[in-house]
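Numbering-wise (the UniProt record's numbering), the sequence shown opens with residue 1 and increments by one.
Derived by calculation from the structure, the hints in this document are not laboratory data.
Be aware that a few hints might be false.
The calculated BS3-like cross-link candidates involving lysine-lysine, where the alpha carbons are at most 30 Å apart (straight line), are [stated by the list, open to error]:
1) LYS66 <-> LYS84
2) LYS84 <-> LYS53
3) LYS84 <-> LYS110
Predicted model, so just to flag it, every value in this text is computed and none were measured.
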Amino acid sequence: MTITWNDSVPIYRQLRERVVAMILDGALNEGDPLPSVRQVAADFQINPLTVSKAYQELVDDQLVEKRRGLGMFVIDGAREALLKSERERFLREEWPALYARLQRLGLDLKTLMREAPDAAPADGEHQS
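With the hints as constraints, model all of the structure from the sequences given.
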């Protein structure tokens with residue numbers, strides 16, 4: 001397994017975001033175990049302390065739980081909590097700049113939906 005790390009963001013934060021994405025995408029479901037710290041460290045050739053720090057943030061955020069002798073597991077409600085917080089973060093941090101750029105480029109919702117790679121027909125339009 002290989003990964004390219006972004007030098008401007010700490011690796012533990014990138015690893016945390018990777019696990020968050022896996023939960024949001026359904027690759028990790030509630031009750032699923034996370035890969036062991038040792039396994040992740042070996043797969044990505046990073047320090048086990050880096051993996052532990054990423055996992056601890058997930059515990060602190062109440063997305064995963066430690067089960068003594070068993071490992072880390074995604075808790076019930078983690079995906080819903082993440083959806084809520086990620087939506088709020090997107091609207092607060094990313095949407096304003098994105099909206100401003102769309103306005104500058106003169107793009108509207110209908111155009112964006114038409115150009116989306118897997119868009120469904122909108123407003124009664126039919127795909128050919």
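Verification of the hints:
With a CA separation close to 23 Å, the supplied pair LYS66 and LYS84 stays within the 30 Å bound. Distance check on the hinted pair: LYS84 and LYS53 sit about 23 Å apart at the alpha-carbon level, within 30 Å; holds. For a cut-off of 30 Å, the pair hint linking LYS84 to LYS110 stands: about 26 Å separates their Cα positions.
Consistency note: the structure conflicts with none of the earlier hints.
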